[in-house]
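Colleague: Now for the letters of each chain:
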Amino acid sequence: MIEYVDMLLPYITTILLISSIYAIFSLGLNLEWGFTGLINFGHVAFLAIGAYTTVMFNMSGFSLFVSVIAGIVLSGFFGLLLGIPTLRLREDYLAIVTIGFSEVLRFILLNEQWLTRGPFGIHGFDRPLQDVIPYQYYNTFLLILYLMILVIVYFALERLIRSPWGRVLKSIREDEEVSSALGKNVFWYRLQSLMIGSAIAGLAGAMLAFYISYIDPNTFKPIETFHAWIIIILGGTASNKGTIVGALVFCTFLSVTQFTSRFLPFTAHQMGAFRMIVIGLLLIILMMHKPEGIFGKKEELALSD
Amino acid sequence: MKMDILSVKDLEKHFGGVKAVDGCSISIEAGTVMGLIGPNGAGKTTMFNLISGFERGIGEIVFKGIRTDNLSPFKIARCGMVRTFQIPRALTKMTVSENLMLAPKTQLGERIWDVWLRPKRVREQEMQIREKSRDILEFFEISHLEDEYAGALSGGQKKLLEMARAMMIDPSMMLLDEPFAGVNPTLARKISRYICELHEDGMTFLVIEHDIPAITKISDRIVVMNEGKVMAEGEPAEIKRRRDVLEVYIGGEG
Amino acid sequence: MQLVINGLVIGSIIAITAIGLSMIYKTLNFVNFAHGDFVAFAAYIALFANASLGMHLASAFLVAILATIVLGIFMEKVVWHPMRRKNASRTTLIIISIGLALVLRNTLIFIWGGSTRNYNIPVRRGFEFFGATIAPNQVLVIISAFILVFALHCLLSRTKIGKSIRALSDNIDLARISGIDVDRVILWTWVIGLGLAAAGGVLYGLVTAIRPDMGWYLLLPMFAAVILGGIGNPYGTIAGGIVIGLSQELSTAILPTEYKFAVSFVVMTLVLLLKPEGIFGGAK
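Protein chains in written order, with the numbering used here: chain G, 1 to 305; chain E, 306 to 559; chain S, 560 to 843.
Hints are not guaranteed to be accurate.
As the list claims (entries may be wrong) - Pairwise CB distance ranges, derived in the manner of DEER restraints: (1) E:392 x G:218: 50 to 56 Å; (2) S:562 x G:136: 54 to 60 Å; (3) G:9 x S:641: 42 to 48 Å; (4) G:221 x S:675: 16 to 22 Å; (5) S:562 x G:133: 53 to 59 Å; (6) S:813 x G:121: 26 to 32 Å; (7) S:645 x E:459: 24 to 30 Å; (8) G:140 x S:768: 43 to 49 Å; (9) G:121 x S:686: 42 to 48 Å; (10) G:221 x S:686: 37 to 43 Å.
It is worth saying that the hints were derived from the structure and are not from the lab. Cβ coordinates follow ideal geometry from the N, Cα and C atoms, glycine included.
Here chain G stands alone, though its shape is the one from the complex (with noise of 0.2 Å):
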């Protein structure tokens, strides 16, 4: 019983921890989408410039704080500069730039050896309190410190919707011509909405970082993006709640297929692949026939057609 525990304990200890952090990743995203209705697709990008810079300034000798404050001003800024050529136009000329600009930016990554070390990642850099906290309970401390996070991030955000700013945004994503004939800057706001879920989805990264102590190009491939979608309308959009659970959902849906795939005559590339497509599936019929979510309700569902 004691030995089942022990297994058990660090399992959940895992699950919780990248729930965690897809939740906060999520959580900038539904900002985004949820409460402004702009379609991010290279929400990953702003993920890998947390994490990179985060890393980065700390290998070259900055505190982690500063570092994990860097990660999260330049991800911000990044959203800023996709944010202007796009957040004037249709909606849709948003999601082709921020696709095109997570890919360029993997790239990037993989070929600026001197910068990134390219393919071959980054470790060796530090992690919070590492010295202080004894090694077997380290996770247990991450996963404290994370959800301490989650919740001033949750507390941030629920205050900053429910705020006359949330009220503004809230009139944007139902007819931006009513906003701006009341003299609200709708550009303006978009692009706010735009830097603080970029910032928020820094932050994921940083953290993301830290946990795996070892990121390379590929940890930020263009599929993440899709699993925060997923997780925001599993959840419900337009509900930090519902995000939190979706990203619970989702996590644990992840590592239990990880195990039942022993029991399935795939390989471990059609695994792969098969867990892609029922991904892919979930979200047609989600958006088809219960574009609420799972736990959202139907009143509160405020896109906007």
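Got chain G sorted already, so can you dock chains E and S onto it with the hints?
Modeller: Just chains E and S now, with coordinates in the frame of chain G:
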């Protein structure tokens, strides 16, 4: 001599080959009600869109001494000019009170850092805005609807909501697009009373309307548009006497 | 010279595949993120017919186009048409198309694996042309692209269905009032758009290795071509495709080859910044 609050000079707008607005000039004295009438397709709504910045044309628009023909709609609104839409556009997924509270300019709580770091000040200002919204709802006699979702309102109530919301930004001029259209006679009388009362307080209005008797009653001056051009301008009594205006209306509707 | 020829080859592939993307974008008013994966799908069907069933590549070409069109019609009936009925927002359709892209690509990986493949055709020596080596396949691609574009031009300008398609992409409401059977024309738009995409996919397989993500990586250049040419303007898209293809290849003279892909991104972002309605005429 009184100041012109708005002056429009040689305004033009083409859609493909069609001239929707073709060299219009009007000016409005501060504190007056100007009626804008004309048959369907005369270019009245396009005129509105141009003045409020929702469309770009050629020509000069000066509002309170500021060139506004190149400004975006939100900047024009911030100058103190607010418009309503022909089909009222209430934000249906928000409550009536949220609709109103959205409008005031320079809210502290619209800045992220203040939301996070100065929540108390933001709350105080919210209280003030709420008070103001209650006063305005009272003026328009829709206080009982405060907590309703705007989507649940009737067409006439939405019109009132739109005017109330516009009042929240303390405008110096309001553009009303057909305030009496599709409204029952009782409500129409109320709306014209509200306009008169606000007018007495010094508000300037530019009102598009099809209901000639109603508009002549509330207006100080009337502009008649036809085929993108200003065909007549003058006091309501003057306009009523003009045969050509009458003909345009009968011709346009026949 | 070599780069110019390579650029023309890849450019003509981008051009014919992007036409469908552009037409669907304008008529149905949403960006189909699965378009590139239809391109890859066609290449794999051709590969299957050619390498596994032993068909001649020309017949495999036709089989692939047919199969892609059938799949496209199936998607229209099962997904797009019902969603239009429900008045789904543009963003909903975009997200569905991403889901579809994931399903399509991973089905290819599931069946054929992630490694690169080639058609079962004899490798012929290229010939010299002003100091550049041109492979016969490259000539084939360019000639086929020309024929396809010419056929498309005849279709759009001469036939009734072509005129309806253009009317629809000009103004869907107007087309509806003037008695055009909108659903039928939309179906034809899919058929032509995906038919061209499939043709482009099979041709692409001639000059590059066949991989499940070949369509995905073509998506960005295609978007760039569409935006450059003005959405819904087939001739602009063709010009845009050639320009993108050429600038991708020519960029390798000064940049590492890996950044070919980034060129279309940069071009696209510049166009969006400076002239978002497109450079070649734009959509009226």
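Colleague: Taking the hints in turn, state whether each one holds.
Modeller: Results of checking the hints against the structure:
no.: 1; hint: E:392 x G:218: 50 to 56 Å; result: holds, 52 Å
no.: 2; hint: S:562 x G:136: 54 to 60 Å; result: holds, 58 Å
no.: 3; hint: G:9 x S:641: 42 to 48 Å; result: holds, 47 Å
no.: 4; hint: G:221 x S:675: 16 to 22 Å; result: holds, 18 Å
no.: 5; hint: S:562 x G:133: 53 to 59 Å; result: holds, 56 Å
no.: 6; hint: S:813 x G:121: 26 to 32 Å; result: holds, 28 Å
no.: 7; hint: S:645 x E:459: 24 to 30 Å; result: holds, 27 Å
no.: 8; hint: G:140 x S:768: 43 to 49 Å; result: holds, 47 Å
no.: 9; hint: G:121 x S:686: 42 to 48 Å; result: holds, 44 Å
no.: 10; hint: G:221 x S:686: 37 to 43 Å; result: holds, 41 Å
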